[in-house]
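J.: Sequence:
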Amino acid sequence: MAERRRARAVAALAAVLLVLTGCASIPDRGPVERGDDVSSEVPSEVVYTPSGPVADSSQEKILRDFLAAGTGPQDNYAVARQFLAGGFADDWDPRASVTVRPGDGATTRVGEADLEYAFLTSATVDQGGHYVPSTSDVPTTLAYSFVREDGQWRISEAPDGTVLSPATFQSVFRAHAVYFYDPTFTYLVPDERWFLARSSTSTRIASALLAGPSAWLQGAVVSAFPDGTQLSLTAITVVDGTARVDLTSDALSATDDARARMQAQLLASFSTLSTVTAVELSVESAPLDVPDLGRAAPLRDPAVDARPLVLAQGELGFASRSALAPLDGLSATVAALSPTSVEVSADLTRAAVGTAGGSALVTADGRSLLVDPRPGLVAPSLDGAGWLWSVPADDARSVTAWSPDGRPQVVASTLPVGDRVVSFRVSRDGTRALVLLDDDGASRLLVVALLRDSRQVPTALGPPLELAAPTGSPVDATWADQLTVATLTTADDTTRATLSEVGGAAVTAGRPGDDASAIAGGTGLARLQVLSGDGAVLEPRGSTWQGTGVTADLLATQR
0 MAERRRARAV
10 AALAAVLLVL
20 TGCASIPDRG
30 PVERGDDVSS
40 EVPSEVVYTP
50 SGPVADSSQE
60 KILRDFLAAG
70 TGPQDNYAVA
80 RQFLAGGFAD
90 DWDPRASVTV
100 RPGDGATTRV
110 GEADLEYAFL
120 TSATVDQGGH
130 YVPSTSDVPT
140 TLAYSFVRED
150 GQWRISEAPD
160 GTVLSPATFQ
170 SVFRAHAVYF
180 YDPTFTYLVP
190 DERWFLARSS
200 TSTRIASALL
210 AGPSAWLQGA
220 VVSAFPDGTQ
230 LSLTAITVVD
240 GTARVDLTSD
250 ALSATDDARA
260 RMQAQLLASF
270 STLSTVTAVE
280 LSVESAPLDV
290 PDLGRAAPLR
300 DPAVDARPLV
310 LAQGELGFAS
320 RSALAPLDGL
330 SATVAALSPT
340 SVEVSADLTR
350 AAVGTAGGSA
360 LVTADGRSLL
370 VDPRPGLVAP
380 SLDGAGWLWS
390 VPADDARSVT
400 AWSPDGRPQV
410 VASTLPVGDR
420 VVSFRVSRDG
430 TRALVLLDDD
440 GASRLLVVAL
450 LRDSRQVPTA
460 LGPPLELAAP
470 TGSPVDATWA
480 DQLTVATLTT
490 ADDTTRATLS
500 EVGGAAVTAG
510 RPGDDASAIA
520 GGTGLARLQV
530 LSGDGAVLEP
540 RGSTWQGTGV
550 TADLLATQR
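Residue numbers for the sequence shown follow numbering that gives the first Met the number 0, beginning at 0 and rising by one.
Honestly, the hints are just simulated from the structure, not real lab data.
Worth double-checking, as some hints may not be accurate.
Unchecked claim - Straight line, CA to CA, 20 Å or less: simulated SDA-like cross-link-like pairs of lysine to any residue: (1) K60 <-> S50; (2) K60 <-> T140; (3) K60 <-> E115; (4) K60 <-> G71; (5) K60 <-> D103; (6) K60 <-> G150; (7) K60 <-> L141; (8) K60 <-> P158; (9) K60 <-> V146; (10) K60 <-> A112; (11) K60 <-> A105; (12) K60 <-> D149; (13) K60 <-> A84; (14) K60 <-> R108; (15) K60 <-> R147.
Whenever a hint applies, use it, and build me the whole structure from the sequences.
T.: The following block contains the structure:
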């Protein structure tokens, strides 16, 4: 039940994490405008039923109404196809992509039967459901040609795909996390996709899962399904909450453990569907025996202590209003290093400590090892295998991972040259890292996959996935959960918090104060914590940030 509630929370956040401005219509003239980039509004559930062509419409009106008809996917966009010429209607592919258009666009006549439509883009979604925020202020220009049929204008040439305002995109599409595994099969790792609402969603999710992870995640995650496995039927049926998934014969090569993991992988991927509570597997209509994973069940969004983890009065520990509980074996050793940052392992036996002299590894038996003495390092981060990740702020290409016994491993970096690194944080599943960059005072937010060899030794960063970045100068960033990162930035002398989905958009998370300096994630969005300039630890409550009653010299992170 806890995972079901968590899945619903993710689905709700996915609905929020969109740019919610603009409308379904477009003007005939005027400049290209940009709407707001981040919003916290949530429109109500809407079903669009667009109208077909109006007799004797001009080319401009036909174009305007055609674009508006992109809100109606019913019957394979039957209404939108009414605006197309007979020889073109069947060739147009509305599912090829979605372009999200905040603000207004403008049409320009470029020929007697030709129009161009220009607009600023906030994001695009490809046929595989991958959401890519726009990083350019250059308008997108689409070309349309027209022809007369039976005395009426119809579109004879148009780009594939649809153009939607953010509000209509939110109503027509929904976010779903497709899950893969870390290489040790300990954790489930989300790979967010966007699919049409009310349109065979379970089948789309299963097909995306069987097709493999997004390009940026490849090499960092694995699937339990044998290579080549596909759905043997065109659709998945759901009966009394059980999704019946029939696979091709490739699935027969899976071991008992793999079959159990296949089922767990599918069930996690269906977690945003309220209609699915169980999964049954079959191969070419023959039931597949699936054993129980038991204690080997994978973790999703691993839980951490809800209390703030802080350094206060010379001790490192979990704090409440009335007391601080020191971490046995770590507290005194960490405090003696005069740390500038602390990240503690999930089992509380190891810490990555940033100091004035470099990055140090501290263990619960009281040992401390300065592993990286390079100057100007950002706060080091741990992964689940005990590797400490360290990178200089002024050299994003110089990433080093240090083994639990202090051996260095140079990691090939794909991070951009020239930007200053502000934060480098490894996800709790150990497959990804979020990277907050300072690009001449502007914030850039990336997530990269962590690639390893067959012995699980780190070797390289994968290609960066750029997230929807908040406005303002970067201060700090953290994982809010496995699908969302939280960022602190400053603009107009005010500190702002922003939530950005990995594979989605961004939403404002309020103003925790004018001088907040650090942010730490817990389990879920409500467990975020911020350290203010006067040492108060704040947490989100409703639409505001309020004090926890804890004061500290440093806010630490528990993996």
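J.: Each hint needs a verdict: does it hold in this structure or not?
T.: Hint-by-hint comparison with the structure:
1. K60 <-> S50: holds (12 Å)
2. K60 <-> T140: holds (18 Å)
3. K60 <-> E115: OK: K60 and E115 at ~13 Å, within 20 Å.
4. K60 <-> G71: holds (18 Å)
5. K60 <-> D103: Given pair K60, D103 holds - Cα atoms ~15 Å apart, limit 20 Å.
6. K60 <-> G150: Measuring from Cα to Cα gives roughly 15 Å; hence the hint holds.
7. K60 <-> L141: holds (16 Å)
8. K60 <-> P158: Given pair K60, P158 holds - Cα atoms ~18 Å apart, limit 20 Å.
9. K60 <-> V146: holds (14 Å)
10. K60 <-> A112: The hint holds at about 13 Å.
11. K60 <-> A105: Given that 20 Å is the threshold and the Cα spacing comes to 12 Å, the pair holds.
12. K60 <-> D149: The hint holds at about 17 Å.
13. K60 <-> A84: holds (15 Å)
14. K60 <-> R108: Holds, at about 13 Å.
15. K60 <-> R147: Since the Cα atoms of K60 and R147 sit roughly 14 Å apart, the hinted pair holds (cutoff 20 Å).
Of the numbered hints listed earlier, not one is contradicted by the structure.
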